[in-house]
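Q: Spelled out, the chains give:
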Amino acid sequence: MESQSGLRITWGAEHSDKNGVLISRQIHLLPPEAPTCLRLNCLLWYLRGALLYALVANYEERRVAYAEENRHKKILDRYRTGEFFPKTIWQAIHANIKLTCPVCRKYNVDPLRG
Amino acid sequence: MAQTQKPTNLGYGELGRFVAGEAATCVKSIVGLTGACTAAEASTFANPGGATKLAANGFVLVNADTVASVQTTVTDDTVQVDHVFTASGAQSVTGFAIENDDDDVVYMVCCFAAALAMETSDTLTIEAKMQFKLGS
Numbered sequence: 001m002e003s004q005s006g007l008r009i010t011w012g013a014e015h016s017d018k019n020g021v022l023i024s025r026q027i028h029l030l031p032p033e034a035p036t037c038l039r040l041n042c043l044l045w046y047l048r049g050a051l052l053y054a055l056v057a058n059y060e061e062r063r064v065a066y067a068e069e070n071r072h073k074k075i076l077d078r079y080r081t082g083e084f085f086p087k088t089i090w091q092a093i094h095a096n097i098k099l100t101c102p103v104c105r106k107y108n109v110d111p112l113r114g
Numbered sequence: 001m002a003q004t005q006k007p008t009n010l011g012y013g014e015l016g017r018f019v020a021g022e023a024a025t026c027v028k029s030i031v032g033l034t035g036a037c038t039a040a041e042a043s044t045f046a047n048p049g050g051a052t053k054l055a056a057n058g059f060v061l062v063n064a065d066t067v068a069s070v071q072t073t074v075t076d077d078t079v080q081v082d083h084v085f086t087a088s089g090a091q092s093v094t095g096f097a098i099e100n101d102d103d104d105v106v107y108m109v110c111c112f113a114a115a116l117a118m119e120t121s122d123t124l125t126i127e128a129k130m131q132f133k134l135g136s
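If you read the sequences in order, they're chains Y and W.
Per our numbering, residue 1 is the first one in the first sequence, and the count goes up by one each step.
Per our numbering, residue 1 is the first one in the second sequence, and the count goes up by one each step.
Chain Y with its partners taken away, still in its complex shape:
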């Protein structure tokens, strides 16, 4: 009988300035587990997880880059702390669109909701 093998790697990284002011924080993102069966619902569940992972990874990449580029400017805390973390595909789409819109991210407005 075989068992699952491998190590699970988790990590966090926090960049602060010399006064201890947070510039950006990152946490690990784990890709979805490979499907364990060939039934349609297994494959759909995996596809859903893969799509969510791709959207969240894209959001995190741009969030951290935005926080780093604006280290001396005031921006929404959520972009430094990463505390708003998209949990659904819909949230991830909203978060990505909001981050690309300068007015939306400055005034904390969701462009899809007006």
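These aren't lab readings, by the way, just hints derived from the structure by calculation.
Beta carbons: idealized from backbone N, C-alpha and C, even for Gly.
Hints may contain errors.
What the hints assert, rightly or not - Okay, the calculated beta carbon distance ranges per label pair:
no.: 1; chain 1: W; residue 1: 22; chain 2: Y; residue 2: 27; range: 32 to 38 Å
no.: 2; chain 1: Y; residue 1: 30; chain 2: W; residue 2: 88; range: 19 to 25 Å
no.: 3; chain 1: W; residue 1: 13; chain 2: Y; residue 2: 20; range: 38 to 44 Å
no.: 4; chain 1: Y; residue 1: 101; chain 2: W; residue 2: 101; range: 46 to 52 Å
no.: 5; chain 1: Y; residue 1: 77; chain 2: W; residue 2: 132; range: 32 to 38 Å
Fit chain W to the given chain Y structure using the hints.
A: Just chain W, lined up with the frame of chain Y:
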């Protein structure tokens, strides 16, 4: 640059030898990385994730501040490495690698979601974990 993290094949081998009581050393060191970084199991000491090991500005290979076993699922099933880098000059950092005590095997490579632009006296606080017990 997308965020990635991987244990390495050479790290698995080092762990196997360490548990078997053969020539190997424990998790001990940490080094900052710069340049394009993609964590891969094939990473080596010379080539961690395709990135370049930093040798200046406070991100050089050093013993980590703390290496200890902690509980994730069962008692002591996880190795936790904590370290704080303090930049001594401007430096772009794209990830970090955890190494053994001999500084010749990479146990794990982690690449950041985006490059961090460190300035003098900035700090980078790292917490990295390797969990052995998977599942419930």
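Q: If a hint holds in the structure, say so; if it doesn't, say that too.
A: Outcome of the hint check:
1. W:22 / Y:27: 32 to 38 Å: Taking Cβ atoms as reference, residue 22 (chain W) and residue 27 (chain Y) lie about 35 Å apart, which means the hint holds.
2. Y:30 / W:88: 19 to 25 Å: Check failed, 33 Å falls outside 19 to 25 Å.
3. W:13 / Y:20: 38 to 44 Å: 40 Å, holds
4. Y:101 / W:101: 46 to 52 Å: The hinted range 46 to 52 Å holds for residue 101 (chain Y) and residue 101 (chain W), with Cβ atoms some 49 Å apart.
5. Y:77 / W:132: 32 to 38 Å: 36 Å, holds
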